[in-house]
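There are 2 protein chains.
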Amino acid sequence: MNANEMRKDYLLERWVVIATERKKRPTDFAKEQAPAKPGTCPFDPGNESKTPAAQLVYLRSKSNRIKKTKDNETLRHKDWLIRCFPNLFPAFSPPEIGKKVKMREDPFLFDAVGAHEVVVESPCHDEHPGVARISQLTLVVEACMDRLATLSAKPYVKYVSIFRNHGLEAGASLSHAHSQIIATPFVPQTLKEEVNASRKLWKQNHKCALCDILEREMKSPRFIWENDGFGVFAPWASVNPLEFWILPKKHQASPLEMKKKAREDLAETLRVCLGGLSTLLNDPPYNYGFHIAPSADVAEYYHWHIEVYPKLAIWAGFEKSTGIYINTVPPEDAAASLKEATKKEQKY
Amino acid sequence: MNANEMRKDYLLERWVVIATERKKRPTDFAKEQAPAKPGTCPFDPGNESKTPAAQLVYLRSKSNRIKKTKDNETLRHKDWLIRCFPNLFPAFSPPEIGKKVKMREDPFLFDAVGAHEVVVESPCHDEHPGVARISQLTLVVEACMDRLATLSAKPYVKYVSIFRNHGLEAGASLSHAHSQIIATPFVPQTLKEEVNASRKLWKQNHKCALCDILEREMKSPRFIWENDGFGVFAPWASVNPLEFWILPKKHQASPLEMKKKAREDLAETLRVCLGGLSTLLNDPPYNYGFHIAPSADVAEYYHWHIEVYPKLAIWAGFEKSTGIYINTVPPEDAAASLKEATKKEQKY
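Same order as they appear, the protein sequences are chains A and B.
For the first sequence, the numbering used here gives the first residue as 1, with consecutive numbering after it.
For the second sequence, the numbering used here gives the first residue as 1001, with consecutive numbering after it.
Computed far set for chain B versus chain A, every beta-carbon distance over 12 Å:
| hint | residue |
| --- | --- |
| 1 | 1040 |
| 2 | 1051 |
| 3 | 1055 |
| 4 | 1062 |
| 5 | 1250 |
Computed Cβ-Cβ distance ranges for the label pairs, DEER-style:
| hint | chain 1 | residue 1 | chain 2 | residue 2 | range |
| --- | --- | --- | --- | --- | --- |
| 6 | B | 1206 | A | 295 | 34 to 44 Å |
| 7 | B | 1299 | A | 205 | 32 to 42 Å |
| 8 | A | 196 | B | 1169 | 30 to 40 Å |
| 9 | A | 28 | B | 1133 | 24 to 34 Å |
| 10 | B | 1205 | A | 205 | 37 to 47 Å |
| 11 | A | 98 | B | 1174 | 51 to 61 Å |
Derived from the structure by calculation, the hints contain no laboratory data.
A quick note: this is a predicted structure, and the numbers were derived from the prediction, not measured.
All C-beta atoms in this analysis are idealised placements derived from N, C-alpha and C, irrespective of residue type, glycine included.
Whole structure, please, built from the sequences with the hints as guidance.
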């Protein structure tokens, strides 16, 4: 097995994984891909052998409590509530024992060491966050936190990205409700820039930039929804139509700081806001990603959050060659629509 | 008419145009858009009145030479070869006479002053670069250069982006062969970063970075095609499957430096390489964009070029939240396929 390569652009601080482990021939793109037949979903219960052994399984114990365990090569657990396992076509993989890893000696090339995992969110194929039971979504949040804690502790991991692709047009190749987790051997450029800007603003204003922004946006026409733990708003410079951000109200650098109540609050927030989006636009495709402090030393000024990007527009030649975006829906209009939609959603 | 707003992200150096001039209601996205009926294309000859008056029209004169002119409000030229006019739904617009423009006083907001134009590339609906007559494509290059020169001279313009969206999935809302030109009141972030990196490498190595890269890539497994004026290769860190870049062999900061022969060479390069891509993958969607030195003082070390991005993969949650890309086609494989395809294409 060849490790995937990370390569840097000639000029930009832009890295790409050349994913030979999921390699395609150029002409593969000429064919239309047939959608999977019903009943053949590898993430459905009963099909556990179609995926790698799970590193984390949540089961219901006899006393009705959650039991956390894992598969081994001979045993695949059945009757699971949540199942996490390595992606069959990983972009990043753990270092192989005894094999030398190319780290950042070459400024333009190194091995894509890390991890790439799938979190199956429910045994029910279609239990997506916008329609899920909050109790189930709370388990999803908890499982992501378990894997985040485990992966963050690996010596070769510098950042852990938790994200979700919903719908074919947003890059979900399988429709069963699932999130993904990628651990990278360096801090991604977007996070670096966010951390640097947060540090600069913190030095200027002696407070966390996103604490400040949340306070202001909760009173602005971009406010959408809130509960005890979280505030939701359409960001001032939304690059996507209907984009919204979910921020913890209390300053936290990492979602690992969430206690039980906060995890339930986050589950409720995802349920209501993604449910609202789904109702408003008939289940549109979307992506979301956690933005997390990459290290403890930035905890004072980096504020973790989730950015939700509905996939309603196409980034075309202008966006791709300049880095400037065009958004045809003012965030204030997006917030007004989403606010209405979340009101109806509260009756879940 | 309200000017569109440019807004900056809370943290990132990321700007978005909130395009109220092409404003959509959030719920507009819930509906499927019907494709235009045949015969109703506003860019077809005879439908000139469906678009704004052209700022530049190429006509065939009686002596068979190209005559350059423009429409006025009462006269729309017929029998044109090339037609350039303002986009009906512009992202950027010229400042209105007598109206104060919000420039960069506020660090998070200013008016989207500039220009947004369409270059109709041919009276023939489907004369896209991959199948076009080279004589016609040479006129397209020339018309883009004419507009680039005119727009670059405006006092409120700091950068001019020339780009092309091909196919619905790549953001082309109309299928008639056309390019677009957007002039912005500041230098886009991507260009700033390219210029800064080029300057740094030039100081280190006492030569232009892309001159050096072109020389090396022409001898690498990523080489695709060349003629007298241009070299084409799959870049080392391609973020898109089948991506390729077109570089002038002679160091040039701006395509305005091209003489007649070089413009013909560029037309041939576009014909052969986009033709090869089209033949290889059955006319896939793509975007391309010119990358041009934003000012004369960077001319020594900035090398203009065109980046072609076939639209064969989806940038999903991971890409959008980290800025790291995953490409499943090694550029070396892409180059081998494209090299073969361009060989067949040379018999146009």
